[in-house]
Amino acid sequence: MSATEADKNPITLNTTSTLDDPEAEADIHFEPVVQLKEISQPKSEEETKFEARALCMRYDADAKEWKERGRGDIKILRHPKTKYSRVILIRDQIFKLACDHFCHPKVVLKDVPTNDKCIMYAVGKDFAQETPCQMLFTFRFNTAEICKQFKEAFQAAQKEMEEVFNKKD
Numbered sequence: 001m002s003a004t005e006a007d008k009n010p011i012t013l014n015t016t017s018t019l020d021d022p023e024a025e026a027d028i029h030f031e032p033v034v035q036l037k038e039i040s041q042p043k044s045e046e047e048t049k050f051e052a053r054a055l056c057m058r059y060d061a062d063a064k065e066w067k068e069r070g071r072g073d074i075k076i077l078r079h080p081k082t083k084y085s086r087v088i089l090i091r092d093q094i095f096k097l098a099c100d101h102f103c104h105p106k107v108v109l110k111d112v113p114t115n116d117k118c119i120m121y122a123v124g125k126d127f128a129q130e131t132p133c134q135m136l137f138t139f140r141f142n143t144a145e146i147c148k149q150f151k152e153a154f155q156a157a158q159k160e161m162e163e164v165f166n167k168k169d
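With UniProt numbering, the residue at position 101 of the sequence shown is 101, and numbering never jumps.
No false leads were mixed into what you were given.
With a straight-line cut-off of 30 Å between C-alpha atoms, the simulated DSS-like cross-links for lysine-lysine are:
(1) K67 to K117
(2) K96 to K159
(3) K75 to K148
(4) K64 to K106
(5) K151 to K49
(6) K106 to K96
(7) K49 to K148
(8) K75 to K64
(9) K117 to K151
(10) K49 to K167
(11) K67 to K125
(12) K83 to K167
(13) K75 to K159
(14) K96 to K49
(15) K148 to K159
(16) K110 to K64
(17) K125 to K96
(18) K117 to K148
(19) K64 to K148
(20) K159 to K110
(21) K83 to K117
(22) K81 to K125
(23) K64 to K96
(24) K96 to K81
(25) K96 to K151
(26) K106 to K81
(27) K64 to K117
(28) K67 to K49
(29) K67 to K96
(30) K106 to K83
(31) K167 to K125
(32) K75 to K167
(33) K159 to K106
(34) K75 to K168
(35) K125 to K83
(36) K148 to K83
(37) K125 to K49
The calculated label-pair distances, taken between Cβ atoms and stated as ranges, are:
(38) E162 to N115: 26 to 32 Å
(39) V34 to V112: 42 to 48 Å
(40) N166 to P32: 56 to 62 Å
In short, the hints are calculated from the structure, not lab data.
All values reported here derive from a predicted model rather than from experimental measurement.
Ideal Cβ positions, reconstructed from N, Cα and C, are used throughout, including at glycine.
Put together the whole structure using the sequences plus the hints.
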């Protein structure tokens, strides 16, 4: 191995003391082969009105059963210029949208009779997939109190959206 090859080698081994002392451990240092670049997401203009952990489920009409859509942080965001509010849930680990829809005034929130930690509602258009489609969602929160806070924040966002729609007319 020439001197230039030794300089390019990412593994360095300090063996001066290992020959004298058989119990001494080698000082090995590895340089990373791939340098990771820091990725920064653009800062959103939207204000967070509500944020909590939740499990998102959607109703599959073909199979006639509830299917898990994702688990993660659910947020109610409000845009300061347009005054539009929307609900998003970004899935853990893969960071994909599980739901993305507006807090439309005509959406009716329903409590799930068998579980006080859940809330259910249908939306006209959910934009989490490539093509917007109708969805029936259920969100399960960790506690009934968080579920109640979500319901209050959603209803407040609906009132704001209704005022925005009335001003446009």
